[in-house]
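Visitor: The chain contents come next:
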Amino acid sequence: MEIAYYPGCSLHASSALYDIQCKDVLGMLGVDLKEISDWNCCGATSAAKTNDFLAIAMPARNLGIADSSGYAEMMIPCASCYSRTVLAQKALQTDLDLRDKINSELSAKIQGKIKLLSILDLLVEKTKSGEIGSKVSKKLEGLKPACYYGCLQTRYPADIQISDNVENPQGMETVCEALGAKAVDWNYKTDCCGASASVNDTDVSIRLMSNILKDAVSRGANCLVTTCPMCQMNMDAYQDKAGAKYGISERLPVYFITELIGLSMGIDAAKLQLDRHFVEATGLLKGLGLL
Amino acid sequence: MSSQTLNIEIKTAGSLADEVAARSGQNLNACYQCRRCAAGCPVGEDTGVTPDRLIRMVLLGDREEALNNLLVWKCVACYTCGTRCPNNIHTARITETLKQMVKEQHTEPMNAKIANFHSAFLTSTSHFGRVNEMEFMGIYDMKTAVNEIKKGGGFKSIIDDLKDQMQLAKAMNKLKRMHFGIDKIKGLSEIKRLFAKAKK
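Protein sequence lines, in the order shown, are assigned to chains A and B.
Heads up: the first sequence begins at 0 in numbering that gives the first Met the number 0, then just goes up one per residue.
Heads up: the second sequence begins at 0 in numbering that gives the first Met the number 0, then just goes up one per residue.
If you are wondering where the hints come from, they were derived from the structure by calculation, not from laboratory data.
This structure is a prediction, so every number in the text was calculated from the model and none was measured.
Don't take each hint at face value.
To be verified - Ranges of calculated distance between the beta carbons of each label pair, as one might list FRET restraints:
1. B:47 - A:167: 26 to 36 Å
2. B:198 - A:136: 25 to 35 Å
3. A:26 - B:151: 51 to 61 Å
4. A:124 - B:152: 13 to 23 Å
5. A:219 - B:4: 17 to 27 Å
6. A:140 - B:165: 38 to 48 Å
7. A:288 - B:29: 23 to 33 Å
8. B:29 - A:176: 54 to 64 Å
Ideal Cβ placement from N, Cα and C applies to all residues, glycine included.
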């Protein structure tokens, strides 16, 4: 089965490992991800804070490309890219003047056809159908992940239908269960890490990250798992700083959900690029006999 | 929590609220100050202004206060306030709108660093169609440095920021998470035309 794929800027840069993992893991599950041609940056959170027209127009161009791709569905792994693209699609469904205004500059016009999927939409479906379970060759016993959704997986500044519980989502937990990992119940699943504030308002962000880390540790988690490259980068790259400032000595590796799925399906650790974490991520797995 | 008196500006009250409501698409008048938003705001304790207070400022017409308070800038758009609001008021859309209004009136934003970050991001996307992390950070650093110098500040904060960034860059490089290539899209002219249309 082939579906359209929008990786976004992060998956072509600092989170390139996630791009590779998505392709490999979904490939093993029979989903061939076809990257749409010549896609542009969706504008992420910055466009919405700078210019409302661009906040819609930028992801809109990608919708036009997707509509012309010949595929019925498009999967977007990054929570921010997915969020902005869904918001643009919704706005353009009703504001046809705006749609025409944007379409007049595009060669691949927006037609409103493409169905957008988040990575969890796809993975949860593959879990419930038993496909992931049937491909698990190594149960991730001993792994106790705190599933971290961040802000954008379940929250939108508009009326968008969410397929999971907004305050206490279960998508990643569902997948983890199929992998044999025991996800912990915890309080900070959807709490903000500060996102770009890690660079432009560091003290605030470090405090928010420390709260997340502290709760995960207190619940007995031995790692974090996430689907968003921003969440992963922040909780991974700044964990040392946050832990040091707030007196948290434990360090939890921050995995992408695809790393855990890949690992349990027998994909080689080097291929998954498990060695590209700031908080060392292979030691825990080796200790549990999973590597 | 400081208790700050907000004054009603009779002459401008209606027009500011209308402008913000129209641009943000949010019905500010529906707010009845239940403060569910305040309870969930991750930056509330840092700003002293919670979403409900910001709405109040806008409704009372205090334009100066509404555009120049810490929440406008420190709001990270986590969307918790709007998700929990019983009246569906997405205050993050209001802070996004107020950030844009400050930019349009060409006054110094209260937190230039945050403002520069977002405009640098967007500028970078207009160069190649996709963000090049290094180029974007370069633009951000330059804008922030110039601002600091204009303010008459010393070089310490600029250097401290650069040190932090270099440390991160070093770690990223070691982990092979730095991306050095330029990803220029073929349809860049379409992006540039959209950017031009945005200015009108």
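Visitor: Could you run down the list of hints and mark each one as holding or not?
Guide: Each hint, compared with the structure:
1. B:47 - A:167: 26 to 36 Å: holds (30 Å)
2. B:198 - A:136: 25 to 35 Å: violated (55 Å)
3. A:26 - B:151: 51 to 61 Å: Holds, since residue 26 (chain A) and residue 151 (chain B) (Cβ atoms, about 57 Å apart) stay within the stated range.
4. A:124 - B:152: 13 to 23 Å: For residue 124 (chain A) and residue 152 (chain B) the Cβ distance comes to about 53 Å; the hint is violated.
5. A:219 - B:4: 17 to 27 Å: Hint violated: Cβ distance 47 Å, outside 17 to 27 Å.
6. A:140 - B:165: 38 to 48 Å: holds (41 Å)
7. A:288 - B:29: 23 to 33 Å: violated (56 Å)
8. B:29 - A:176: 54 to 64 Å: This hint is violated: roughly 41 Å between Cβ atoms.
Hint compliance for this structure: hints 2, 4, 5, 7 and 8 are broken, all remaining hints hold.
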